[in-house]
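Trainee: Sequence:
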Amino acid sequence: MSPARIPSSLFHAVLLAGFCALAAQAVPQYTVSNGSSIIDVHVDPYFLDPGDDVIDFYSYGSPQSSSANTGFEQLNTALIYLTLDDQGNYGLVTVMDKWGGGGGSASLSYSGLPLGSTASLNDDPGDPHSFNPATGSGTNSWNWSNCCTDGAAWSLPDSNNFQITMNYTFNSGLDTLRFITFDPCDQSQLLFFDLDVSQPVVLTATDGGQPLPDCNDNGAADFCDISDGTSQDCNTNGIPDECEEDCNGNGLHDSCDIATGASLDCNLNGIPDECETDCNANGIPDDCDIASGSSADCNANGIPDDCEIDCNLNGIPDDCDIALGTSQDCDQNGVPDECDPDCDDNGTPDACEADCDGNGTADVCEWTDCNNNGQLDICDILSGASLDCNANGLPDECEDGYVDCNVNGIWDLCDIAMGTSLDEDQNGVPDECEGTAGANDRPVDFGLLGNYPNPFNPSTVIEFGLAETSPVRLAVYSVDGALVQVLVNGMQERGLHRVVFDADRLASGVYLYRLESDGKLDSRKMLLVR
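Following the numbering used here, the numbering of the sequence shown begins with 635 at its first residue and continues without gaps.
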(Lines of atoms letter the chains of each structure in order from A and count residues from 1; the text may use other names and numbers.)
(Lines give C-alpha, C1' and ligand atoms only; values in the text may rest on other atoms or scores of the structure.)
Protein backbone atom coordinates (compact mmCIF):
# COMPACT_ATOMS: atom_id res chain seq x y z
CA MET A 1 0.00 0.00 0.00
CA SER A 2 1.73 3.19 -1.15
CA PRO A 3 0.26 6.67 -0.53
CA ALA A 4 0.49 9.58 -2.96
CA ARG A 5 3.22 12.11 -2.23
CA ILE A 6 1.98 15.41 -0.72
CA PRO A 7 4.08 18.61 -1.18
CA SER A 8 5.88 19.82 1.96
CA SER A 9 4.71 16.86 4.05
CA LEU A 10 4.03 13.17 3.98
CA PHE A 11 0.43 12.07 4.42
CA HIS A 12 -0.18 8.58 5.80
CA ALA A 13 -3.31 6.83 7.05
CA VAL A 14 -4.10 3.53 8.65
CA LEU A 15 -7.50 2.44 9.91
CA LEU A 16 -8.08 0.25 12.93
CA ALA A 17 -11.67 -0.99 13.08
CA GLY A 18 -13.82 -3.06 15.41
CA PHE A 19 -13.71 -6.17 13.22
CA CYS A 20 -15.69 -8.45 15.50
CA ALA A 21 -18.57 -5.98 15.51
CA LEU A 22 -18.49 -6.14 11.71
CA ALA A 23 -18.31 -9.90 11.31
CA ALA A 24 -21.80 -10.13 9.85
CA GLN A 25 -21.49 -6.87 7.85
CA ALA A 26 -19.43 -5.72 4.92
CA VAL A 27 -16.17 -4.18 6.14
CA PRO A 28 -16.20 -0.45 5.23
CA GLN A 29 -13.49 1.26 3.24
CA TYR A 30 -12.26 4.75 4.00
CA THR A 31 -10.89 7.49 1.79
CA VAL A 32 -8.73 10.15 3.41
CA SER A 33 -7.83 13.17 1.29
CA ASN A 34 -5.65 16.22 1.79
CA GLY A 35 -6.28 18.71 -0.97
CA SER A 36 -5.87 16.93 -4.29
CA SER A 37 -4.06 13.90 -2.90
CA ILE A 38 -6.09 10.84 -1.89
CA ILE A 39 -5.20 7.70 0.01
CA ASP A 40 -7.64 4.78 0.07
CA VAL A 41 -7.56 3.00 3.40
CA HIS A 42 -8.85 -0.58 3.19
CA VAL A 43 -9.70 -2.74 6.17
CA ASP A 44 -8.27 -6.13 5.29
CA PRO A 45 -8.34 -9.13 7.67
CA TYR A 46 -5.08 -10.38 6.16
CA PHE A 47 -3.30 -7.38 7.69
CA LEU A 48 -4.29 -8.34 11.21
CA ASP A 49 -2.16 -9.70 14.00
CA PRO A 50 -4.42 -12.03 16.03
CA GLY A 51 -1.53 -12.74 18.39
CA ASP A 52 -1.46 -9.21 19.79
CA ASP A 53 -3.55 -8.42 22.84
CA VAL A 54 -2.84 -4.66 22.77
CA ILE A 55 -2.81 -1.92 20.19
CA ASP A 56 0.82 -1.30 19.16
CA PHE A 57 2.20 1.76 17.41
CA TYR A 58 5.38 1.52 15.35
CA SER A 59 6.70 4.71 13.82
CA TYR A 60 9.96 6.41 13.02
CA GLY A 61 11.37 9.60 11.60
CA SER A 62 14.76 10.35 10.15
CA PRO A 63 16.42 13.73 9.59
CA GLN A 64 17.62 14.74 6.19
CA SER A 65 21.07 15.68 7.48
CA SER A 66 23.31 14.22 10.09
CA SER A 67 22.31 16.92 12.53
CA ALA A 68 19.43 15.66 14.59
CA ASN A 69 18.29 19.12 15.62
CA THR A 70 18.27 21.09 12.37
CA GLY A 71 16.03 21.28 9.31
CA PHE A 72 12.95 19.80 10.85
CA GLU A 73 9.58 20.42 9.29
CA GLN A 74 6.86 22.01 11.32
CA LEU A 75 3.88 19.64 11.40
CA ASN A 76 1.06 18.46 13.53
CA THR A 77 -0.18 14.93 14.12
CA ALA A 78 -3.73 14.01 14.97
CA LEU A 79 -5.42 11.03 16.57
CA ILE A 80 -9.03 10.51 15.50
CA TYR A 81 -11.17 8.07 17.47
CA LEU A 82 -14.21 6.48 15.80
CA THR A 83 -17.10 4.53 17.29
CA LEU A 84 -19.81 2.39 15.71
CA ASP A 85 -23.42 2.96 16.76
CA ASP A 86 -26.23 0.38 16.63
CA GLN A 87 -27.30 1.67 13.20
CA GLY A 88 -23.95 0.82 11.63
CA ASN A 89 -22.85 4.48 11.45
CA TYR A 90 -19.38 5.64 12.38
CA GLY A 91 -19.08 8.77 14.54
CA LEU A 92 -16.09 11.05 15.05
CA VAL A 93 -15.49 11.46 18.78
CA THR A 94 -12.35 13.56 19.31
CA VAL A 95 -9.41 15.03 17.49
CA MET A 96 -6.26 15.63 19.55
CA ASP A 97 -3.29 17.64 18.36
CA LYS A 98 -0.01 16.29 19.70
CA TRP A 99 3.28 18.15 19.64
CA GLY A 100 6.64 17.99 21.30
CA GLY A 101 8.15 20.32 23.82
CA GLY A 102 5.55 21.99 25.96
CA GLY A 103 2.80 19.57 25.00
CA GLY A 104 -0.85 20.42 24.67
CA SER A 105 -3.99 19.11 23.05
CA ALA A 106 -7.20 20.27 21.42
CA SER A 107 -10.53 18.51 21.05
CA LEU A 108 -13.42 18.59 18.62
CA SER A 109 -17.01 17.71 19.45
CA TYR A 110 -18.68 14.50 18.26
CA SER A 111 -20.02 14.62 14.72
CA GLY A 112 -21.88 11.76 13.05
CA LEU A 113 -20.27 10.17 10.02
CA PRO A 114 -22.66 7.61 8.49
CA LEU A 115 -21.56 5.42 5.62
CA GLY A 116 -21.52 7.33 2.36
CA SER A 117 -21.09 10.78 3.97
CA THR A 118 -18.06 13.05 4.39
CA ALA A 119 -16.70 15.32 7.13
CA SER A 120 -13.89 17.90 7.12
CA LEU A 121 -11.23 18.06 9.85
CA ASN A 122 -9.29 21.34 9.97
CA ASP A 123 -6.26 21.75 12.13
CA ASP A 124 -5.35 25.24 13.29
CA PRO A 125 -3.09 26.70 10.56
CA GLY A 126 -2.42 29.76 12.67
CA ASP A 127 -0.78 27.79 15.44
CA PRO A 128 1.79 25.42 13.94
CA HIS A 129 3.90 23.72 16.54
CA SER A 130 7.50 22.63 16.34
CA PHE A 131 8.04 18.95 16.90
CA ASN A 132 11.42 17.34 17.40
CA PRO A 133 11.03 13.58 16.82
CA ALA A 134 14.67 12.98 17.62
CA THR A 135 14.17 13.54 21.32
CA GLY A 136 11.94 10.51 21.83
CA SER A 137 10.66 12.15 24.98
CA GLY A 138 8.39 14.87 26.25
CA THR A 139 4.70 14.56 25.62
CA ASN A 140 5.22 12.31 22.62
CA SER A 141 2.66 9.52 22.84
CA TRP A 142 4.73 7.09 20.74
CA ASN A 143 8.32 6.05 20.48
CA TRP A 144 10.39 7.71 17.73
CA SER A 145 13.57 5.92 18.54
CA ASN A 146 13.23 3.11 15.97
CA CYS A 147 14.90 4.78 13.03
CA CYS A 148 15.74 2.93 9.90
CA THR A 149 17.78 3.59 6.77
CA ASP A 150 16.77 6.63 4.76
CA GLY A 151 14.38 5.84 1.92
CA ALA A 152 13.76 2.25 3.01
CA ALA A 153 10.44 0.43 3.14
CA TRP A 154 9.95 -0.51 6.76
CA SER A 155 8.87 -4.03 7.74
CA LEU A 156 8.52 -5.88 10.99
CA PRO A 157 11.35 -8.32 11.73
CA ASP A 158 8.78 -10.89 12.83
CA SER A 159 7.42 -12.32 9.57
CA ASN A 160 4.50 -13.82 11.45
CA ASN A 161 3.21 -10.34 12.30
CA PHE A 162 0.74 -9.05 9.78
CA GLN A 163 1.67 -5.54 8.76
CA ILE A 164 0.85 -2.60 6.57
CA THR A 165 4.03 -1.40 4.83
CA MET A 166 4.22 2.10 3.30
CA ASN A 167 7.03 3.45 1.12
CA TYR A 168 8.32 6.92 1.86
CA THR A 169 10.59 9.56 0.30
CA PHE A 170 12.46 12.50 1.86
CA ASN A 171 11.36 16.04 1.32
CA SER A 172 12.79 19.22 2.77
CA GLY A 173 12.58 18.70 6.48
CA LEU A 174 11.24 15.46 7.93
CA ASP A 175 9.09 12.70 6.50
CA THR A 176 7.59 10.15 8.85
CA LEU A 177 6.23 6.63 8.50
CA ARG A 178 3.69 5.02 10.79
CA PHE A 179 2.93 1.31 11.40
CA ILE A 180 0.19 -0.11 13.54
CA THR A 181 -0.55 -3.71 14.56
CA PHE A 182 -3.44 -4.52 16.81
CA ASP A 183 -5.81 -7.08 18.22
CA PRO A 184 -8.55 -7.37 15.55
CA CYS A 185 -11.07 -8.47 18.14
CA ASP A 186 -10.58 -5.30 20.23
CA GLN A 187 -13.80 -3.31 20.03
CA SER A 188 -11.95 0.05 19.82
CA GLN A 189 -11.70 1.67 16.42
CA LEU A 190 -8.87 4.07 15.62
CA LEU A 191 -7.79 6.09 12.61
CA PHE A 192 -4.24 7.49 12.81
CA PHE A 193 -2.52 9.80 10.33
CA ASP A 194 -0.14 12.77 9.93
CA LEU A 195 -1.52 15.86 8.27
CA ASP A 196 -0.33 19.10 6.75
CA VAL A 197 -1.75 21.88 8.92
CA SER A 198 -2.33 24.14 5.92
CA GLN A 199 -4.88 21.82 4.29
CA PRO A 200 -8.23 20.47 5.43
CA VAL A 201 -8.56 16.69 5.75
CA VAL A 202 -11.70 15.00 4.42
CA LEU A 203 -12.66 11.57 5.81
CA THR A 204 -15.21 9.65 3.75
CA ALA A 205 -16.77 6.33 4.75
CA THR A 206 -17.83 4.11 1.84
CA ASP A 207 -19.39 0.67 1.73
CA GLY A 208 -17.27 -1.63 -0.41
CA GLY A 209 -15.43 -4.15 1.69
CA GLN A 210 -15.98 -7.90 2.09
CA PRO A 211 -17.68 -9.71 5.02
CA LEU A 212 -15.26 -11.29 7.44
CA PRO A 213 -15.43 -15.12 7.69
CA ASP A 214 -17.88 -16.41 10.31
CA CYS A 215 -18.12 -20.14 9.60
CA ASN A 216 -20.23 -21.00 12.67
CA ASP A 217 -22.64 -18.08 12.09
CA ASN A 218 -22.43 -16.88 15.68
CA GLY A 219 -22.06 -13.22 14.66
CA ALA A 220 -18.35 -13.05 15.53
CA ALA A 221 -15.51 -13.29 13.05
CA ASP A 222 -13.69 -16.63 13.07
CA PHE A 223 -10.39 -15.13 14.23
CA CYS A 224 -12.23 -13.40 17.08
CA ASP A 225 -13.79 -16.69 18.16
CA ILE A 226 -10.33 -18.22 18.23
CA SER A 227 -8.67 -15.20 19.88
CA ASP A 228 -11.12 -14.99 22.77
CA GLY A 229 -11.26 -18.76 23.29
CA THR A 230 -14.87 -19.20 22.15
CA SER A 231 -13.59 -21.64 19.52
CA GLN A 232 -10.57 -23.89 19.41
CA ASP A 233 -8.17 -24.03 16.47
CA CYS A 234 -6.09 -27.13 17.11
CA ASN A 235 -4.22 -26.97 13.80
CA THR A 236 -3.77 -23.15 13.90
CA ASN A 237 -5.16 -22.68 10.40
CA GLY A 238 -7.45 -19.83 11.43
CA ILE A 239 -10.63 -21.91 11.10
CA PRO A 240 -12.59 -22.85 14.25
CA ASP A 241 -12.47 -26.59 14.90
CA GLU A 242 -16.28 -26.87 14.80
CA CYS A 243 -16.18 -25.78 11.15
CA GLU A 244 -13.61 -28.38 10.13
CA GLU A 245 -14.09 -32.01 9.13
CA ASP A 246 -14.87 -34.19 12.16
CA CYS A 247 -15.81 -37.60 10.76
CA ASN A 248 -16.11 -39.37 14.12
CA GLY A 249 -18.10 -36.57 15.75
CA ASN A 250 -15.84 -36.23 18.78
CA GLY A 251 -15.60 -32.43 18.49
CA LEU A 252 -11.97 -32.54 17.38
CA HIS A 253 -10.79 -31.80 13.85
CA ASP A 254 -9.69 -35.01 12.09
CA SER A 255 -6.12 -33.81 11.56
CA CYS A 256 -5.83 -33.00 15.26
CA ASP A 257 -7.33 -36.37 16.19
CA ILE A 258 -4.49 -37.95 14.25
CA ALA A 259 -1.79 -35.53 15.41
CA THR A 260 -2.63 -36.06 19.10
CA GLY A 261 -2.82 -39.83 18.71
CA ALA A 262 -6.52 -39.90 19.60
CA SER A 263 -7.09 -41.59 16.24
CA LEU A 264 -4.86 -43.71 14.04
CA ASP A 265 -4.28 -43.08 10.34
CA CYS A 266 -2.66 -46.24 9.02
CA ASN A 267 -2.68 -45.12 5.38
CA LEU A 268 -1.63 -41.51 6.09
CA ASN A 269 -4.54 -40.06 4.11
CA GLY A 270 -5.61 -37.62 6.82
CA ILE A 271 -8.77 -39.58 7.70
CA PRO A 272 -9.04 -41.31 11.09
CA ASP A 273 -9.09 -45.09 10.69
CA GLU A 274 -12.48 -45.40 12.39
CA CYS A 275 -14.01 -43.33 9.57
CA GLU A 276 -12.65 -45.49 6.77
CA THR A 277 -14.29 -48.49 5.10
CA ASP A 278 -13.80 -51.63 7.19
CA CYS A 279 -15.89 -54.34 5.55
CA ASN A 280 -14.82 -57.15 7.87
CA ALA A 281 -15.24 -55.00 11.00
CA ASN A 282 -11.80 -55.87 12.36
CA GLY A 283 -11.00 -52.24 13.25
CA ILE A 284 -8.51 -51.84 10.40
CA PRO A 285 -9.34 -49.93 7.19
CA ASP A 286 -9.65 -52.29 4.23
CA ASP A 287 -6.66 -50.88 2.33
CA CYS A 288 -4.45 -51.26 5.41
CA ASP A 289 -5.76 -54.82 5.91
CA ILE A 290 -4.59 -55.59 2.39
CA ALA A 291 -1.31 -53.66 2.61
CA SER A 292 -0.34 -55.38 5.86
CA GLY A 293 -1.19 -58.82 4.50
CA SER A 294 -3.84 -59.50 7.14
CA SER A 295 -6.36 -59.81 4.29
CA ALA A 296 -5.82 -61.05 0.75
CA ASP A 297 -7.09 -59.22 -2.33
CA CYS A 298 -6.79 -61.71 -5.18
CA ASN A 299 -8.42 -59.46 -7.78
CA ALA A 300 -6.67 -56.25 -6.63
CA ASN A 301 -9.96 -54.34 -6.36
CA GLY A 302 -9.22 -52.90 -2.92
CA ILE A 303 -11.75 -55.13 -1.15
CA PRO A 304 -10.50 -57.84 1.21
CA ASP A 305 -11.29 -61.32 -0.12
CA ASP A 306 -13.22 -62.21 3.02
CA CYS A 307 -15.74 -59.48 2.10
CA GLU A 308 -16.33 -60.67 -1.47
CA ILE A 309 -18.98 -63.12 -2.72
CA ASP A 310 -17.88 -66.74 -2.33
CA CYS A 311 -20.85 -68.86 -3.38
CA ASN A 312 -19.10 -72.21 -3.04
CA LEU A 313 -17.58 -71.27 0.35
CA ASN A 314 -14.07 -72.34 -0.64
CA GLY A 315 -12.50 -69.16 0.75
CA ILE A 316 -11.79 -67.71 -2.70
CA PRO A 317 -13.92 -64.92 -4.23
CA ASP A 318 -15.99 -66.20 -7.13
CA ASP A 319 -14.27 -64.09 -9.79
CA CYS A 320 -10.88 -65.33 -8.59
CA ASP A 321 -12.15 -68.93 -8.63
CA ILE A 322 -13.02 -68.45 -12.28
CA ALA A 323 -9.84 -66.54 -13.16
CA LEU A 324 -7.63 -69.16 -11.48
CA GLY A 325 -9.49 -72.03 -13.16
CA THR A 326 -10.54 -73.60 -9.85
CA SER A 327 -14.15 -73.15 -11.02
CA GLN A 328 -15.68 -73.13 -14.49
CA ASP A 329 -18.13 -70.54 -15.80
CA CYS A 330 -19.60 -72.01 -18.98
CA ASP A 331 -22.18 -69.24 -19.47
CA GLN A 332 -19.72 -66.46 -18.52
CA ASN A 333 -22.09 -64.90 -16.02
CA GLY A 334 -19.40 -64.44 -13.37
CA VAL A 335 -20.85 -67.22 -11.19
CA PRO A 336 -19.03 -70.54 -10.77
CA ASP A 337 -20.92 -73.34 -12.54
CA GLU A 338 -21.41 -75.26 -9.29
CA CYS A 339 -23.46 -72.31 -7.98
CA ASP A 340 -25.73 -72.00 -11.04
CA PRO A 341 -29.12 -73.80 -11.34
CA ASP A 342 -28.68 -77.41 -12.52
CA CYS A 343 -32.07 -79.11 -12.69
CA ASP A 344 -30.75 -82.57 -13.53
CA ASP A 345 -27.71 -82.38 -11.20
CA ASN A 346 -25.37 -83.40 -14.00
CA GLY A 347 -22.78 -80.73 -13.15
CA THR A 348 -23.65 -78.58 -16.16
CA PRO A 349 -25.69 -75.42 -15.48
CA ASP A 350 -29.10 -75.34 -17.12
CA ALA A 351 -28.03 -72.25 -19.08
CA CYS A 352 -25.37 -74.35 -20.81
CA GLU A 353 -27.75 -77.23 -21.73
CA ALA A 354 -30.07 -77.39 -24.74
CA ASP A 355 -33.11 -75.14 -24.26
CA CYS A 356 -35.11 -75.08 -27.47
CA ASP A 357 -37.85 -72.80 -26.16
CA GLY A 358 -35.42 -70.42 -24.43
CA ASN A 359 -37.29 -70.45 -21.14
CA GLY A 360 -34.14 -70.93 -19.06
CA THR A 361 -34.91 -74.55 -18.19
CA ALA A 362 -32.91 -77.29 -19.85
CA ASP A 363 -34.90 -79.43 -22.24
CA VAL A 364 -33.93 -82.54 -20.29
CA CYS A 365 -35.84 -81.12 -17.33
CA GLU A 366 -39.01 -80.33 -19.24
CA TRP A 367 -41.62 -83.10 -18.71
CA THR A 368 -43.75 -82.74 -21.83
CA ASP A 369 -42.73 -85.08 -24.69
CA CYS A 370 -46.12 -86.61 -25.44
CA ASN A 371 -45.11 -88.33 -28.68
CA ASN A 372 -41.91 -89.74 -27.14
CA ASN A 373 -39.73 -88.52 -30.00
CA GLY A 374 -37.03 -87.24 -27.64
CA GLN A 375 -37.88 -83.60 -28.29
CA LEU A 376 -39.84 -81.23 -26.09
CA ASP A 377 -43.44 -80.83 -27.27
CA ILE A 378 -43.10 -77.05 -27.60
CA CYS A 379 -39.96 -77.59 -29.66
CA ASP A 380 -41.86 -80.04 -31.90
CA ILE A 381 -44.40 -77.29 -32.50
CA LEU A 382 -41.85 -74.48 -32.92
CA SER A 383 -39.80 -76.50 -35.37
CA GLY A 384 -42.90 -77.54 -37.37
CA ALA A 385 -42.40 -81.23 -36.59
CA SER A 386 -45.88 -81.23 -35.00
CA LEU A 387 -48.99 -79.13 -35.52
CA ASP A 388 -50.95 -77.44 -32.76
CA CYS A 389 -54.05 -76.18 -34.47
CA ASN A 390 -55.76 -75.15 -31.24
CA ALA A 391 -52.59 -73.43 -29.92
CA ASN A 392 -52.76 -75.20 -26.57
CA GLY A 393 -49.07 -76.13 -26.57
CA LEU A 394 -49.78 -79.83 -27.15
CA PRO A 395 -48.98 -81.47 -30.51
CA ASP A 396 -52.18 -82.45 -32.29
CA GLU A 397 -51.17 -86.10 -32.47
CA CYS A 398 -51.16 -86.23 -28.67
CA GLU A 399 -54.64 -84.85 -28.16
CA ASP A 400 -57.25 -87.32 -26.92
CA GLY A 401 -59.95 -87.85 -29.50
CA TYR A 402 -57.61 -87.09 -32.36
CA VAL A 403 -59.77 -87.56 -35.50
CA ASP A 404 -58.48 -87.08 -39.01
CA CYS A 405 -61.28 -88.42 -41.15
CA ASN A 406 -59.83 -87.23 -44.44
CA VAL A 407 -56.37 -88.51 -43.48
CA ASN A 408 -54.65 -85.22 -44.39
CA GLY A 409 -52.61 -85.05 -41.16
CA ILE A 410 -54.77 -82.30 -39.70
CA TRP A 411 -57.25 -82.81 -36.92
CA ASP A 412 -60.77 -82.43 -38.27
CA LEU A 413 -61.65 -79.53 -35.97
CA CYS A 414 -58.49 -77.74 -37.14
CA ASP A 415 -59.35 -78.48 -40.77
CA ILE A 416 -62.64 -76.70 -40.22
CA ALA A 417 -61.15 -73.86 -38.10
CA MET A 418 -58.41 -73.14 -40.65
CA GLY A 419 -60.81 -73.38 -43.61
CA THR A 420 -59.04 -76.33 -45.24
CA SER A 421 -62.35 -78.24 -44.90
CA LEU A 422 -65.96 -77.11 -44.98
CA ASP A 423 -68.62 -78.06 -42.44
CA GLU A 424 -71.87 -76.73 -43.85
CA ASP A 425 -74.07 -78.60 -41.41
CA GLN A 426 -71.81 -77.42 -38.55
CA ASN A 427 -71.63 -80.85 -36.97
CA GLY A 428 -67.85 -80.72 -36.53
CA VAL A 429 -67.18 -83.24 -39.32
CA PRO A 430 -65.52 -82.08 -42.55
CA ASP A 431 -68.05 -82.32 -45.36
CA GLU A 432 -65.72 -84.52 -47.44
CA CYS A 433 -66.00 -87.13 -44.73
CA GLU A 434 -69.81 -87.13 -44.88
CA GLY A 435 -70.26 -87.62 -48.62
CA THR A 436 -72.85 -85.08 -49.68
CA ALA A 437 -72.81 -82.02 -47.49
CA GLY A 438 -75.00 -82.66 -44.44
CA ALA A 439 -75.78 -86.21 -45.44
CA ASN A 440 -73.95 -87.86 -42.55
CA ASP A 441 -73.91 -91.14 -44.50
CA ARG A 442 -70.19 -91.85 -44.24
CA PRO A 443 -69.62 -95.46 -43.09
CA VAL A 444 -68.36 -95.51 -39.50
CA ASP A 445 -67.98 -98.02 -36.71
CA PHE A 446 -69.65 -97.91 -33.34
CA GLY A 447 -67.58 -96.28 -30.59
CA LEU A 448 -66.27 -93.21 -28.84
CA LEU A 449 -63.81 -91.09 -30.83
CA GLY A 450 -62.51 -89.07 -27.86
CA ASN A 451 -63.09 -85.56 -26.66
CA TYR A 452 -61.52 -82.25 -27.61
CA PRO A 453 -59.84 -80.61 -25.84
CA ASN A 454 -58.53 -82.91 -23.18
CA PRO A 455 -57.58 -81.73 -20.58
CA PHE A 456 -60.33 -79.12 -20.69
CA ASN A 457 -61.80 -76.19 -18.80
CA PRO A 458 -64.72 -75.81 -18.54
CA SER A 459 -66.19 -77.58 -21.61
CA THR A 460 -65.19 -80.20 -24.15
CA VAL A 461 -66.67 -81.86 -27.26
CA ILE A 462 -67.25 -85.63 -27.14
CA GLU A 463 -67.34 -87.48 -30.50
CA PHE A 464 -68.88 -90.89 -31.16
CA GLY A 465 -69.89 -92.95 -34.21
CA LEU A 466 -72.84 -95.25 -34.96
CA ALA A 467 -72.81 -97.93 -37.66
CA GLU A 468 -76.62 -97.84 -37.81
CA THR A 469 -79.51 -95.92 -36.39
CA SER A 470 -80.11 -97.14 -32.87
CA PRO A 471 -81.04 -96.09 -29.33
CA VAL A 472 -78.05 -94.42 -27.63
CA ARG A 473 -77.17 -93.43 -24.08
CA LEU A 474 -74.09 -91.23 -23.47
CA ALA A 475 -73.36 -90.38 -19.82
CA VAL A 476 -70.55 -88.89 -17.68
CA TYR A 477 -69.44 -90.49 -14.39
CA SER A 478 -67.03 -89.65 -11.63
CA VAL A 479 -64.05 -91.98 -11.09
CA ASP A 480 -65.92 -93.68 -8.24
CA GLY A 481 -68.79 -94.54 -10.63
CA ALA A 482 -71.29 -91.88 -9.56
CA LEU A 483 -73.46 -90.54 -12.38
CA VAL A 484 -72.64 -86.91 -13.15
CA GLN A 485 -74.74 -86.13 -16.22
CA VAL A 486 -76.59 -87.89 -19.07
CA LEU A 487 -75.69 -86.20 -22.36
CA VAL A 488 -77.66 -88.34 -24.87
CA ASN A 489 -80.55 -90.75 -24.24
CA GLY A 490 -82.60 -91.72 -27.33
CA MET A 491 -82.56 -92.74 -30.99
CA GLN A 492 -79.64 -91.45 -33.03
CA GLU A 493 -78.98 -91.82 -36.74
CA ARG A 494 -75.96 -93.69 -37.99
CA GLY A 495 -72.82 -91.66 -38.61
CA LEU A 496 -70.61 -89.29 -36.57
CA HIS A 497 -71.99 -87.27 -33.67
CA ARG A 498 -70.58 -84.54 -31.42
CA VAL A 499 -71.92 -83.53 -28.01
CA VAL A 500 -70.71 -80.64 -25.81
CA PHE A 501 -70.10 -81.43 -22.16
CA ASP A 502 -70.10 -78.36 -19.90
CA ALA A 503 -68.36 -78.95 -16.56
CA ASP A 504 -68.56 -75.37 -15.35
CA ARG A 505 -69.89 -76.41 -11.92
CA LEU A 506 -67.68 -79.45 -11.44
CA ALA A 507 -64.44 -79.76 -9.53
CA SER A 508 -61.13 -80.51 -11.18
CA GLY A 509 -60.37 -84.16 -11.68
CA VAL A 510 -60.71 -87.23 -13.88
CA TYR A 511 -64.15 -88.10 -15.28
CA LEU A 512 -65.40 -91.09 -17.31
CA TYR A 513 -67.81 -90.93 -20.23
CA ARG A 514 -69.59 -94.08 -21.50
CA LEU A 515 -71.49 -94.85 -24.74
CA GLU A 516 -74.20 -97.60 -24.75
CA SER A 517 -76.20 -98.83 -27.81
CA ASP A 518 -77.89 -102.19 -28.50
CA GLY A 519 -75.82 -103.96 -25.88
CA LYS A 520 -72.54 -102.41 -27.01
CA LEU A 521 -70.38 -100.36 -24.60
CA ASP A 522 -67.41 -98.00 -24.98
CA SER A 523 -65.87 -95.68 -22.36
CA ARG A 524 -62.99 -93.19 -22.07
CA LYS A 525 -61.40 -90.78 -19.56
CA MET A 526 -61.16 -87.02 -19.64
CA LEU A 527 -59.41 -84.51 -17.32
CA LEU A 528 -60.99 -81.31 -16.04
CA VAL A 529 -58.30 -78.83 -14.98
CA ARG A 530 -59.23 -75.57 -13.27
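Derived from the structure by calculation, the hints contain no laboratory data. The reader is advised that the hints may include incorrect statements.
[Said to hold, decoys possible] With a straight-line cut-off of 25 Å between C-alpha atoms, the simulated SDA-like cross-links for lysine to any residue are:
#, residue 1, residue 2
1, K1159, A1116
2, K1154, N1091
3, K1159, D1022
4, K1159, D965
The structure displayed is predicted, hence computed values, not measured ones.
Trainee: Does each hint fit the structure? Answer for all of them.
Mentor: Hints, verified against the model:
Straight-line distance between C-alpha atoms of K1159 and A1116 comes to about 14 Å, which keeps the hinted pair within the 25 Å bound. Of the supplied pair hints, the one linking K1154 and N1091 is violated, its CA atoms being roughly 30 Å apart against a limit of 25 Å. With a C-alpha separation of about 21 Å, the suggested pair K1159 and D1022 falls inside the 25 Å cut-off, and the hint holds. Between K1159 and D965, the direct Cα distance comes to roughly 45 Å. Violation of the 25 Å bound is thereby established for this hinted pair.
The earlier numbered hints that this structure contradicts are 2 and 4.
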